[in-house]
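K.L.:
Each chain, letter by letter, is given below.
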Amino acid sequence: MGDSQYSFSLTTFSPSGKLVQIEYALMAVGSGQTSLGIKAANGVVIATEKKLPSILVDEASVQKIQPLTTNIGVVYSGMGPDFRVLVRKSRKQAQQYFRLYKEQIPVTQLVRETAAVMQEFTQSGGVRPFGVSLLVAGFDDDGPQLYQVDPSGSYFSWKASAMGKNVSNAKTFLEKRYTDDMELDDAVHTAILTLKEGFEGQISGKNIEIGIIGTDRNFRVLTPAEIDDYLAEVE
Amino acid sequence: MVVVKRFVLQVHRKSDMSKAVVDLPPKGGFSFDLCRRNEMLISKGVHPPSFRKTGTTIVGLVFKDGVILGADTRATEGPIVCDKNCEKIHYIAPNIYCCGAGTAADTEAVTDMVSSQLQLHRYHTGRESRVITALTLLKSHLFSYQGYVSAALVLGGVDITGPHLHTIYPHGSTDTLPFATMGSGSLAAMAVFESKFREGLTREEGIELVCEAICSGIFNDLGSGSNVDVCVITKGHKEYLRNHQMPNPRTYVSSKGYTFPKGLTEVLTTKITPLKEKVEVIEGNDAMEE
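These protein sequence lines are chains A and B, in that order.
Here the first sequence stands for residues 580 to 814, numbered as in this note's numbering.
Here the second sequence stands for residues 62 to 351, numbered as in this note's numbering.
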């Protein structure tokens with residue numbers, strides 16, 4: 580990949596044994612807009628801030644939460660264009676899996692394959708690591724699942740997690756509020772409250788995005804009207 | 062999966078094929094070398110093994126609210142019926158279905174592939190798939206294989222631009238029609254359509270006409286038989302009526318079963334060969350280590 584003059588890897592070890600490029604990639608993630616995910620007993624919710632650079636931007640054209648398959652969705656913190664590339668690759672991998680096994684790809688498998696792609700970009704010539712961390716939410720035969728995938732290619736399964744700007748406050752808030760027997764609706768409320776914590780300005784259905792998946796195994800992004808309804812319940 | 066035109070015995074080891082310049086690296090795309098070899102072998106009298114074709118009568122028509130597709134359910138391998146109830150109406154998209162005639166493996170593989178491509182396309186665009194998209198993907202693929210992918214398809218669906226019905230031939234040409242038939246039973250079915258089709262049929266009339274056309278194929282064509290499958294696609298809704306009509310029920314099943322008394326089969330010769338013991342069993346005191 581790349582010109583033969585640049586066939587060396589740009590991600591190299593430092594004397595202390597760290598991969599500095601990955602650290603920097605994590606910093607890029609850390610300065611991105613806050614996103615979070617919560618696994619409920621009967622579903623998963625993922626949410627993110629949608630702060631647009633100007634009021635002139637058509638907010639309906641921006642969609643940060645994307646479906647990967649009918650029962651798996653993903654949100655990110657970090658660089659939007661990198662996210663788009665990963666979404667495209669993951670969707671294709673899910674289709675290839677279905678073509679090969681005639682089975683919908685399990686969440687763990689898709690996470691593993693996406694993580695493998697991200698790892699590839701830390702060890703190939705002429706490329707840089709992805710500047711995004713992903714939160715993958717899915718519901719399959721193993722129940723509701725929430726995974727975080729980092730630029731290094733490592734992935735973790737979480738009950739609740741946050742990424743981006745306000746991560747430490749958000750995680751503390753989630754630790755306090757999380758219960759194992761939460762229902763999906765409660766999880767949505769908790770997600771909204773967590774976002775509200777670090778939100779600058781007035782929160783509304785137009786500047787946050789929420790994606791949910793329940794026992795119907797159908798991932799969908801909530802419309803701004805639905806988000807406003809949830810916000811009204813939370814007030 | 063049965064592969065088209067692949068030979069079991071290779072009579073001539075590759076002496077005559079590689080007269081052309083061989084030093085060029087493969088450029089990609091379909092390599093027609095084996096097709097030349099196959100043709101050469103046929104001219105020498107070596108016949109390929111028979112593969113599973115779908116004989117088939119497949120039809121489609123456009124009615125008032127959308128399209129109706131119909132197919133028989135017999136799959137043949139030469140003169141033998143190898144599947145009495147196969148599914149010939151393939152899923153392409155929630156609003157698009159495709160009937161397939163020709164080599165069963167080819168129709169299934171090509172429809173699965175296009176279905177997968179359309180799913181990816183739906184994710185990327187966020188829109189419902191269009192019938193002409195499926196049509197273009199199918200015909201480009203078939204054309205690039207120059208007719209060697211033996212799939213003759215009737216593609217129908219309803220999208221944002223309205224109801225559409227197309228036929229696709231193995232070499233990649235297409236037709237857009239209000240009513241269409243394909244397969245070995247296509248003439249029998251077309252005769253029914255030509256005399257009874259009119260614009261603006263209702264759902265019930267459409268299904269009845271499709272069933273009549275398929276039945277015409279089932280009863281008058283050897284390559285088609287068994288049951289009638291129907292698929293009705295309208296705006297925002299589809300109905301897959303598997304085995305909508307079963308005009309060939311099995312009537313000869315005996316509920317008592319069959320008894321064969323001893324002595325019914327004549328014994329011609331009897332030969333008894335005692336088996337020699339070749340294994341020596343030693344009473345061991347050492348158990349085998351795990």
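Each hint should be verified, as a subset may be incorrect.
To be verified - Result set (DSSO-like, lysine-lysine): computed pairs, CA atoms no more than 30 Å apart in a straight line:
#1 A:Lys681 with B:Lys125
#2 A:Lys671 with B:Lys125
#3 A:Lys671 with B:Lys337
As the list claims (entries may be wrong) - To be clear about the criterion: a stretch of chain B counts as covered by chain A if any three or more of its residues have a C-beta under 8 Å from a C-beta of chain A, and this derived list gives those stretches:
#4 165–177
#5 180–189
Derived from the structure by calculation, the hints contain no laboratory data.
Fair warning: this is a prediction, and the values are worked out from it, not measured in the lab.
Note that beta-carbon positions come from the ideal geometry of N, C-alpha and C, so glycine has one too.
K.L.:
Now, for every hint given, state plainly whether the structure supports it.
P.N.:
Evaluated hints:
1. A:Lys681 with B:Lys125: Judged against 30 Å, a Cα distance of about 35 Å means the pair is violated.
2. A:Lys671 with B:Lys125: violated, 37 Å
3. A:Lys671 with B:Lys337: Roughly 60 Å between the alpha carbons, so the hint for Lys671 (chain A) and Lys337 (chain B) is violated.
4. 165–177: holds (count 3)
5. 180–189: holds (count 4)
The structure fails hints 1, 2 and 3 (numbered hints given earlier, in ascending order).
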